[in-house]
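Enquirer: Spelled out, the chains give:
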Amino acid sequence: MKSSPKLRPCGWDALVVLLVLLLAVGCGAAVWGGNEATHDLTAVISVDGETAETVALSSLSGPEERTLTANGYTLHLVLSPEEVYMEAADCPTQDCVHTGHISRSGQSIVCLPARVIVRLEGGQKDESAPDVVIG
Amino acid sequence: MRGTVYYMKRFAGLILAAAMLCGLCGCGGAPADPDKAQESIQVIAMDTVMIFSVYGEKSTHAAYAAEDEMRRLEDLLSRTDEESQIFALNSAGGQPVTVDSEVSRLLNTSGMYSDVTGGAFDITIAPVVSAWGFTTDSYQVPARADLEELLTHVGMEHVHQSGDSVRLDQGTQIDLGGIAKGYASDRVAQIFAENNIPRATAALGGNVLAWGDRPDETPWRVGIQDPKVPDDRNTLACLLHLTDAFAVTSGGYQRYFEEDGKTYQHIIDPATGYPADSGLTSVTVVADCDRESLDGLPGAGTMCDALSTALYVMGEDEALDFWRNCGLDIDLVLVTADDRVVVTAGLADAYEAIEGSGYTYEVVS
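Top line first, the protein sequences correspond to chains A and B.
For our numbering, add 8 to where a residue sits in the first sequence, where the first one is 1.
For our numbering, add 12 to where a residue sits in the second sequence, where the first one is 1.
Read the hints as simulated data drawn from the structure, not as lab findings.
A couple of the hints might just be wrong.
Said to hold, decoys possible - In silico DSBU-like cross-links for lysine-lysine, where the CA-CA straight-line distance does not exceed 30 Å:
hint, chain 1, residue 1, chain 2, residue 2
1, B, K240, A, K133
2, A, K133, B, K274
3, B, K240, B, K274
All chains, please: the whole structure from these sequences, using the hints.
Expert: Given below as structure tokens:
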């Protein structure tokens with residue numbers, strides 16, 4: 009049987025196959041690779057258990073201050089592309105200020121009296137760093 | 013030519029079939045390895061920050077179930093919450109109070125650890141700790157006479173239990189702060205087991221549960237903070253490699269104040285009423301978390317919490333004697349004021365010295 013010239017594969021068919029293939033691979037990668045994808049180092053600011061703001065540090069062009077008012081206390085947080093620190097706070101313990109500057113994924117600044125947690129997530133994971141610190 | 017067309021058709025068909033299969037799998041939304049699904053949440057409860065990093069298909073459910081459980085325990089065991097059973101007991105003025113069997117069991121467990129540690133762990137030290145202002149952050153050095161009077165109400169002989177009925181002698185108060193987070197970590201382990209969680213870490217202040225191993229199948233890397241640098245949690249005295257284990261650290265550096273050039277830290281010796289001055293700066297107690305024996309009751313996590321406080325009070329020699337003779341399956345990391353890190357034999361292959369820390373490391377048996 010002789011095939012019709014209209015049914016013969018041509019360059020356009022190959023293009024369609026390529027596009028479908030690329031789309032499928034793209035979808036698969038997005039779903040399967042989603043859990044392992046490393047996103048930018050991000051500061052997650054939570055107040056009283058609720059996420060108040062999420063800031064990708066790479067989106068900052070320079071140091072920015074956030075004033076957090078919670079549980080009767082006022083905290084002044086500084087975020088920059090490289091690090092995060094609590095510049096000042098009127099809480100009684102000052103633990104949050106004493107924590108100093110944090111710059112690696114997994115590090116956090118905590119103010120228990122104000123019930124504020126600032127935690128760095130994402131970014132490049134340092135496999136030799138501790139997963140958890142007790143103390 | 014006909015052959016070429018035939019194979020091209022088949023080839024295109026195969027590619028499209030593979031692509032569709034790929035897409036169909038993607039539509040399911042499930043990751044290739046369900047063990048790699050992760051949920052990480054932070055919770056402020058029981059006067060501390062808790063971080064749950066949980067893996068597995070039910071990671072989100074387990075993490076939030078753990079948070080709910082922490083809230084429940086906080087309400088049940090708080091000394092300051094007027095609705096809690098502990099508050100009711102402390103306010104009963106010597107009258108008996110009927111408590112939940114869970115509270116009753118924890119009081120029994122507290123009594124047992126008080127016994128085995130010769131009173132170095134004691135939940136009735138609460139009024140003395142308050143007199144120093146550690147529970148309210150209003151620090152002060154109490155008068156010796158005041159401490160001596162308060163000490164007359166300290167001791168588990170002032171706690172009378174008959175089933176779930178509990179009575180405290182007049183003047184006696186209890187605080188489960190030295191054991192509650194350990195019990196909470198036991199409850200978290202139970203939640204992880206019920207949800208078939210393959211791996212997780214739960215950090216409850218100074219209490220850690222290393223559940224399973226890391227995603228790369230190596231042990232979890234658990235850092236012990238350097239007590240000499242209390243403000244920096246990232247400066248370590250030692251690193252432990254742990255799988256299915258509880259680890260609890262107690263150290264005076266966790267809360268302290270200075271007056272007239274002298275430092276007073278928060279762990280009080282029940283024998284003297286003064287901050288323990290035993291030559292140790294931190295004690296870490298490590299025990300296996302045996303998944304087969306979990307029953308949701310006070311277990312190895314509770315034990316580690318109670319013992320870490322007690323061994324800190326005892327000091328190095330007495331703590332090591334206790335470790336050698338207690339018959340409990342525990343190991344210790346003792347950080348001393350003279351810059352030594354003393355590790356017991358069971359952790360000989362599981363600890364890592366920190367280069368440049370200034371500590372010397374010893375393994376004892």
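Enquirer: A:K133 and B:K274 were given as a pair; does the straight-line alpha-carbon distance stay at or below 30 Å?
Expert: Answer violated: A:K133 to B:K274 is near 41 Å, above 30 Å.
Enquirer: Is the Cα-Cα distance between B:K240 and B:K274 30 Å or less?
Expert: Since the Cα atoms of B:K240 and B:K274 sit roughly 16 Å apart, the hinted pair holds (cutoff 30 Å).
Enquirer: Next pair to validate is B:K240 with A:K133; report whether the Cα-Cα distance is within 30 Å.
Expert: Answer holds: B:K240 to A:K133 is near 27 Å, not above 30 Å.
Violated hint: 2 only; the structure is consistent with all others.
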